[in-house]
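Colleague: As they're listed, the protein sequences go chains A and B. Using numbering that gives the first Met the number 0, read the first sequence as starting at 0 and increasing by one per residue. Using numbering that gives the first Met the number 0, read the second sequence as starting at 0 and increasing by one per residue.
Simulated from the structure, these hints should not be mistaken for laboratory data. It is possible that part of the hints are untrue.
[Said to hold, decoys possible] So these bits of chain B aren't anywhere near chain A, every CB distance computed over 10 angstroms:
| id | residue |
| --- | --- |
| 1 | ALA88 |
| 2 | ASP210 |
| 3 | ASP284 |
[To be verified] As a list, the in silico DSS-like pairs of lysine-lysine whose alpha-carbon atoms are at most 27 angstroms apart:
| id | chain 1 | residue 1 | chain 2 | residue 2 |
| --- | --- | --- | --- | --- |
| 4 | B | LYS71 | A | LYS1 |
| 5 | A | LYS1 | B | LYS180 |
| 6 | B | LYS131 | B | LYS114 |
| 7 | B | LYS256 | A | LYS1 |
| 8 | B | LYS131 | A | LYS440 |
Cβ atoms here follow ideal geometry from the backbone N, Cα and C, with glycine treated the same way.
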Amino acid sequence: MKLLDIAFKDMLSSFRSYFALAFMFGVPILMTGIFYLAFGGLRSGGGEFNLPQTSVVIANMDQGSAQFSTGISSDLQNLSSENSVNFSDAKSLGDMVTIMLGSGSLQDVMQISQVNDASSAMKLVDEQKAGVAVIIPSDFTSQVFNSSGQTSIELYNDPTLSLGPSIVEGVIRQFADSFAATKITIQVAQSELNQAGLPLEGAAVQDLMQKAISLTSGQGQSAGNSGVTVINPSGASTSASSQDFFLIIGSVMGGMMIFYAFFTGTSTAQSILTEEEKGTLQRLFSTPTSHSIILGGKLLAIELTILVQVAVLLLFSYLVFGIHLGSFLFLALFTVVVALAAGSFGLFLMSLLKNTRQVGVIYGAVVSVSGMIGISSVFTLGSSSGSFTDTLSLLVPQGWGMRALLKIMEGADSSIILLSLAGLLGWAVLLFLIGAMRFRKRFA
Amino acid sequence: MNDVSGIQTKNLHRHFGDIHAVDGIDFEVKAGEIYSLLGPNGAGKSTTISMLACLLRPTQGEAWVMGHSILKQQQQVKQAIGVVPQEVALYEDLSARENLTFWGKMYGLRGDELKQRVDKVLEIIELADRQKERVGKYSGGMKRRVNIGIALLNTPELIIMDEPTVGIDPQSRRRILDNVKELKAQGVTVLYTTHYMEEAQELSDRIAIMDHGKIIAEGTHEELVKIVGELDRVTLEINTESDCVLENWKKTPGVHKVKAEDGVIDLLVEDSNQVLPSLFESANDAQVRITSVAIQEPNLETVFLHLTGRALRD
Chain A
0 MKLLDIAFKD MLSSFRSYFA LAFMFGVPIL MTGIFYLAFG GLRSGGGEFN LPQTSVVIAN
60 MDQGSAQFST GISSDLQNLS SENSVNFSDA KSLGDMVTIM LGSGSLQDVM QISQVNDASS
120 AMKLVDEQKA GVAVIIPSDF TSQVFNSSGQ TSIELYNDPT LSLGPSIVEG VIRQFADSFA
180 ATKITIQVAQ SELNQAGLPL EGAAVQDLMQ KAISLTSGQG QSAGNSGVTV INPSGASTSA
240 SSQDFFLIIG SVMGGMMIFY AFFTGTSTAQ SILTEEEKGT LQRLFSTPTS HSIILGGKLL
300 AIELTILVQV AVLLLFSYLV FGIHLGSFLF LALFTVVVAL AAGSFGLFLM SLLKNTRQVG
360 VIYGAVVSVS GMIGISSVFT LGSSSGSFTD TLSLLVPQGW GMRALLKIME GADSSIILLS
420 LAGLLGWAVL LFLIGAMRFR KRFA
Chain B
0 MNDVSGIQTK NLHRHFGDIH AVDGIDFEVK AGEIYSLLGP NGAGKSTTIS MLACLLRPTQ
60 GEAWVMGHSI LKQQQQVKQA IGVVPQEVAL YEDLSARENL TFWGKMYGLR GDELKQRVDK
120 VLEIIELADR QKERVGKYSG GMKRRVNIGI ALLNTPELII MDEPTVGIDP QSRRRILDNV
180 KELKAQGVTV LYTTHYMEEA QELSDRIAIM DHGKIIAEGT HEELVKIVGE LDRVTLEINT
240 ESDCVLENWK KTPGVHKVKA EDGVIDLLVE DSNQVLPSLF ESANDAQVRI TSVAIQEPNL
300 ETVFLHLTGR ALRD
């Protein structure tokens, strides 16, 4: 009973200290909150990415060309049957660009509208009714089919926007580059053939151009799809990224929780030295209460304080941040073992000190450094340096705690989780035995 | 051992390396009396108390507290006594009531008995109206009262008080001395340590004077004063210290002891009226001016000076 009385008294003191409360709950939550806000923009409530949709106005004035009508249309019919984008109605390359931008794969990020002329398109942007204006000149197709012709698509965008116009520019540039590359290739081929005495001129060049553009259009569309995939993740990649988000925030929360649990273990264990200096420990020894009950009560207070801290942080992370860290059973086991390890860690450190004046060094040199080493894997998730820091972190108990938590979060095999927890428990037992032995000798 | 004794010690020693903090003391405190250990800082009073409270194990010797051996029956000793440490030993982030309740539990009190004792002690230390305030907000005197109150919780047969009035205002000191007298009136045995001669004189049935770990004199106030006979204590202040005049004063008939420090000279003399003119004459010859003179009847301070050649304040 006295054991519980001492533990309750110590816990009461701890939970009445604003300083202790700040480090137990405030700082870990604040740190996680910062990370949450930093990455939170990538995540919507449904767990999907939510890139802003850009309003794009197209002024397609392209008149097409005879070569396009006669040579490519049939190829586009075939191409449309093989791909999701339907180019069969395209009468010009300008139409193809318009169809491309309005395709289903880009609908999430672009809202397309069309006007007849460049000034109308630009006016809509000026009035901020559209984010980007795409202006396709009237001779766009004919210039592309002319081996020496030059043309360009103009983009006019709202300077306050960055992401949306970049996406539009990327798609159009990819499309336009494929035409440019085709023209350069044919020009080089024509020059080489001429030098070899096999002149390629007139109708032959036009024919070759048509075929090349037909092929390029197909590849361009594929390339377009590919590009779109990169900037607008598919359903599958969106889901994976959402998991990454939770892994990052969960790891950060877990890391902070472990770091500050060990901090709490040390600061709570400091009460042994504080009580010794203030004379209350000697006074306790003068009561009919055995030394083992007194020290046991203080250790119980340390354990229970950390248990409350970890439990509250886990609950908070679930309720506020929506972090699902994994199996409840393993999390409960993890909480108990972390409390034991952090308490023993504090007991061990305090047993090495003579007085509270030495405590500052311990916080700076031991608790902080070992804590950073232990949770370093949080900052190297997925990086090449991860294996090194993983190994390094196992040199301190915090590392075993972090490893156990990550395994629980990953839903790893039970044996792997239990092995990590056993490693942490091993640390707890070792540190407890050394600390208890030293204090027993000290207060004998 | 004597079953009726509050405390009995037998050749009690405590060494810290080469330092003999307590060097073979024997004394007996009778049940129901106030017994004071009087001596300067470092005399061994607190070490003696720590051994009797089972906080320190004697290097040699034995002692019995309320009939229980401090070596073999520590739990019984602790249950029978209340200890008031020299430093205030309280939890400042807890209220007075929370402190008393916690310490009461440490003495094994529970339930209604605990509540009644806490209420009673709060009444005794006159803090019932401020019992819910955190002790950290209390004045030094109020903390001292709570510090004493804790030792009263288990209605002990013996209370050990280690310099309980150090560093507090006169009003709080007066209140504490009155509390100690009330304890005696209730039949509680009190072992009291102090380096204030007046406190020992006012409170004690018997006094042991300690110095360098030994008891150099023991008895009632009257018995101790008789050690110095009819000697008066004369304290002179001079404008400049002169070895010559000190030597002359030591040789003056009727002067027993001379001690000089920082321009203040303590002398033990047989008849101050007869000796003073000779002292002034010697000072005059040495061109030393006496700036103040104080004459005291024999008291414990005089006894300590007589026995050790040093003042209690040293």
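Colleague: Holds or violated: are the alpha carbons of B/LYS71 and A/LYS1 at most 27 angstroms from each other?
Modeller: It holds: about 23 angstroms lies between the C-alpha atoms, which stays within 27 angstroms.
Colleague: If we take the beta carbon of B/ASP210, is the closest beta carbon in chain A still more than 10 angstroms away?
Modeller: holds, 25 angstroms
Colleague: Is B/LYS256 close enough to A/LYS1, meaning Cα to Cα at most 27 angstroms?
Modeller: violated, 57 angstroms
Colleague: Is A/LYS1 close enough to B/LYS180, meaning Cα to Cα at most 27 angstroms?
Modeller: It is violated: about 33 angstroms lies between the C-alpha atoms, which goes past 27 angstroms.
Colleague: Checking a non-interface call: every C-beta of chain A should be farther than 10 angstroms from the C-beta of B/ASP284. Is that right?
Modeller: About 55 angstroms separates B/ASP284 from the closest Cβ of chain A, which puts it past 10 angstroms; holds.
Colleague: Would you check the hint for B/LYS131 and A/LYS440, treating anything up to 27 angstroms between C-alpha atoms as holding?
Modeller: Not satisfied, since the Cα-Cα distance of roughly 38 angstroms exceeds 27 angstroms.
Colleague: With 10 angstroms as the threshold, tell me whether B/ALA88 passes as away from chain A on beta-carbon distances.
Modeller: violated, 4 angstroms
Colleague: Verify the proposed pairing of B/LYS131 with B/LYS114, using a straight-line Cα cut of 27 angstroms.
Modeller: holds, 14 angstroms
Checked against the numbered hints given earlier, the structure breaks hints 1, 5, 7, 8 and satisfies all the rest.
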